[in-house]
Amino acid sequence: MKTTRQIKREAKRLFRFCLVNGLLDEARTRQVVQRIIDAKRRGGLALLSDFQRLVKLDSARHTAKVESAMPLPDDLRVSVQTGLARTYGLGIHASFAQNPELIGGMRIKVGSDVYDGSVRARLAELEKNF
Amino acid sequence: MTDLLQEIEVQIAGAKAATAKQNVGVIREIGDGVARIEGLADAMLNEMIDLGHGITGLALNLDETEVGVIILGDYTQLHEEDEVRATGRLLQVPVGKGLLGRVVNTLGEPLDGKGPIKSDVTYPVEKIAPGIIRRSPVRQPVQTGIMAIDAMIPIGRGQRELIIGDRSTGKTTICTDTIINQARLNKAAEAAEDKEYRPLYCIYVAIGQKQSSIAQIIAVLEKTNAMPYTIVLASPASDSAANQYLAPFAGAAMGEWFMDHGMDALIIYDDLSKHAVAYRQISLVLKRPSGREAYPGDVFYLHSRLLERAARVGEKYGNGSLTALPIIETKAGDVSAYIPTNVISITDGQIYLETDLFYQGVRPAISVGLSVSRVGSAAQVKAMKQVAGQLKGDLAQFRELAAFAQFGSELDPKTQAQIDRGKRIIELFKQPQHSPIPTEVQIAMIGAVQQGYMDDVPVDRVKDFQAGLTEFLTTRKIELLRRIAREKALSEALTAELKAAADQFRQTWK
Chain A
45 MKTTRQIKRE
55 AKRLFRFCLV
65 NGLLDEARTR
75 QVVQRIIDAK
85 RRGGLALLSD
95 FQRLVKLDSA
105 RHTAKVESAM
115 PLPDDLRVSV
125 QTGLARTYGL
135 GIHASFAQNP
145 ELIGGMRIKV
155 GSDVYDGSVR
165 ARLAELEKNF
Chain B
5 MTDLLQEIEV
15 QIAGAKAATA
25 KQNVGVIREI
35 GDGVARIEGL
45 ADAMLNEMID
55 LGHGITGLAL
65 NLDETEVGVI
75 ILGDYTQLHE
85 EDEVRATGRL
95 LQVPVGKGLL
105 GRVVNTLGEP
115 LDGKGPIKSD
125 VTYPVEKIAP
135 GIIRRSPVRQ
145 PVQTGIMAID
155 AMIPIGRGQR
165 ELIIGDRSTG
175 KTTICTDTII
185 NQARLNKAAE
195 AAEDKEYRPL
205 YCIYVAIGQK
215 QSSIAQIIAV
225 LEKTNAMPYT
235 IVLASPASDS
245 AANQYLAPFA
255 GAAMGEWFMD
265 HGMDALIIYD
275 DLSKHAVAYR
285 QISLVLKRPS
295 GREAYPGDVF
305 YLHSRLLERA
315 ARVGEKYGNG
325 SLTALPIIET
335 KAGDVSAYIP
345 TNVISITDGQ
355 IYLETDLFYQ
365 GVRPAISVGL
375 SVSRVGSAAQ
385 VKAMKQVAGQ
395 LKGDLAQFRE
405 LAAFAQFGSE
415 LDPKTQAQID
425 RGKRIIELFK
435 QPQHSPIPTE
445 VQIAMIGAVQ
455 QGYMDDVPVD
465 RVKDFQAGLT
475 EFLTTRKIEL
485 LRRIAREKAL
495 SEALTAELKA
505 AADQFRQTWK
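If you read the sequences in order, they're chains A and B.
Yeah, the first sequence ends on 174 if you go by the working numbering, and it's all consecutive.
Yeah, the second sequence ends on 514 if you go by the working numbering, and it's all consecutive.
Heads up, a few of these hints could be off.
Between beta-carbon pairs, the in silico distance windows are [claimed, not checked]:
id, chain 1, residue 1, chain 2, residue 2, range
1, A, K109, B, E312, 44 to 50 Å
2, A, P117, B, E13, 31 to 37 Å
3, A, T48, B, L66, 15 to 21 Å
The list that follows gives simulated cross-link-like pairs (lysine-lysine, BS3-like), each with its CA atoms no further than 27 Å apart [said to hold, decoys possible]:
id, chain 1, residue 1, chain 2, residue 2
4, B, K291, A, K172
5, A, K172, A, K100
6, B, K118, A, K100
Covered stretches of chain A, as calculated for chain B (at least 3 residues, CB under 8 Å) [claimed, not checked]:
id, stretch
7, 97 to 103
8, 121 to 127
9, 159 to 173
It is worth saying that the hints were derived from the structure and are not from the lab.
Note that CB positions come from ideal geometry on N, CA and C, so glycine has one too.
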């Protein structure tokens, strides 16, 4: 029976197989998932769970969540997208959302990096300094 | 009002700084004082993590996809999916003279209800020990006030001397008596305006102890007026394992401030056995591989990096020192167990306390044969070296002969004399707790016993003789004691005077 460590190692191996030029290949990912389900072997669910987690983390690293208090005009969106591509590479995909709680400004989250230029964040910083 | 407005303007200007990149993560799992956080890609080892709700954590495990963080605070307020941030800073504690007389926790927060700690400076809890070039040899003594230690196992400023023994053998008492004696010496030097005397400040770190025991120790220190020169860092058994793990390092940071500023400090770790247990708990919850007795593989490094921070630094670097007295509790006198052997190999000597001696009435229950100070007489005043130099050898001979004498055979006069002398020395070294003896009085007593002044005193009256001679010297020969304290060496004239005083007392004593 495979141990947790062995399953984790195998999930990592399968994940690396799905990378093409450093980016996750969707077709290969679907293929791997289908093969694991079809194999129906013991530990398959745990393997799928670990694999899913690795895919989720990779997706988070290559997805930029851009929140703004007001809807952003198209030229600004393009500018943000260009800036992100320059910093994180061409594989980055930006999603834009509106969040009135920010009051003003923008908050960009890419993986575990956060650039928070919102008014809410600055007020919180001011409150902390006082 | 103008100052207030200016201050507000400066703070608003500071808040207008350009947007900086923050490193965030999400709590994936939390339990047993440890949180597993997904994200925090740029987290560094020992970095402080802001967990929200005013709680911080320390990043200890840096895995590929997650970070293991120990929580320094109330972990019941944290939940899965909470967002956390890396602060980019190492854990720091307040340091400085403002902590003297205070009781604080691992993070330097006050526990004594006497208001906030007055401190402008913070030091990192984890710091690299002074290098080889910065150090200088240990030459100045730490006068513990305990005759058996000052005479035979002398401790120097900058040394690490382990105090090891079973439960209830007097380990903590040795440390509290040392603190009380330092306070006495500090106060006497202040009163006499002695500019040459270097005060020794004490830090007592309580790790994993009962709160009642810590309260008792604080009460003793307050009663003997030792608190103004002491910092008590308390991490009791009810504290989390993370706080107990960090407590000695926080104490070492406080001691290093004194060392870096050209002063001398003494730190007591009571005790490192519980510290190792707390570290084992954290390591097991972090799923680090376990080794012998389930301790993690780096338990030696845990104590070596802590104890290496105690040192004497050279003149060029301030001439300060940090002396460490770690305590280890053994089980059934087994000094060959894992943690005791680790710490014995790190320290510059050990004071071994035996349960058998304790119950025989020999208190402090120091085993002279198994105790050693690797610094030795380099850390003794010359006068003490002159009178106590042969003591260890005499006692070693006594122990051999005493075993031989048990067979009841007739002994030659010389052997009998050695046995009688040995019994009197052991009786002389018995000392009540919280009663440190000044060095000059110790020198006089040891000189008296070595010169044979107690040879015809019955063993059960040796303590009476000692008390009588002490009173005689402190009331009628106080100038003689002052000269011994000042000159620190026994010249022929001083020795003659001491003998004359002992003769004078001997004639009147019954």
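Verification of the supplied hints:
1. A:K109 to B:E312: 44 to 50 Å: For B:E312 against A:K109, whose Cβ atoms are near 47 Å apart, the range 44 to 50 Å holds.
2. A:P117 to B:E13: 31 to 37 Å: holds (34 Å)
3. A:T48 to B:L66: 15 to 21 Å: For A:T48 and B:L66 the Cβ distance comes to about 20 Å; the hint holds.
4. B:K291 to A:K172: Distance of about 35 Å is beyond 27 Å: violated.
5. A:K172 to A:K100: Judged against 27 Å, a Cα distance of about 33 Å means the pair is violated.
6. B:K118 to A:K100: At roughly 51 Å apart (the allowed maximum being 27 Å), A:K100 and B:K118 break the hint.
7. 97 to 103: holds (count 3)
8. 121 to 127: Answer violated; 0 residues pass the 8 Å Cβ test.
9. 159 to 173: Result for this restraint: holds, n = 7.
The structure does not agree with the numbered hints 4, 5, 6, 8 stated previously, though it agrees with the rest.
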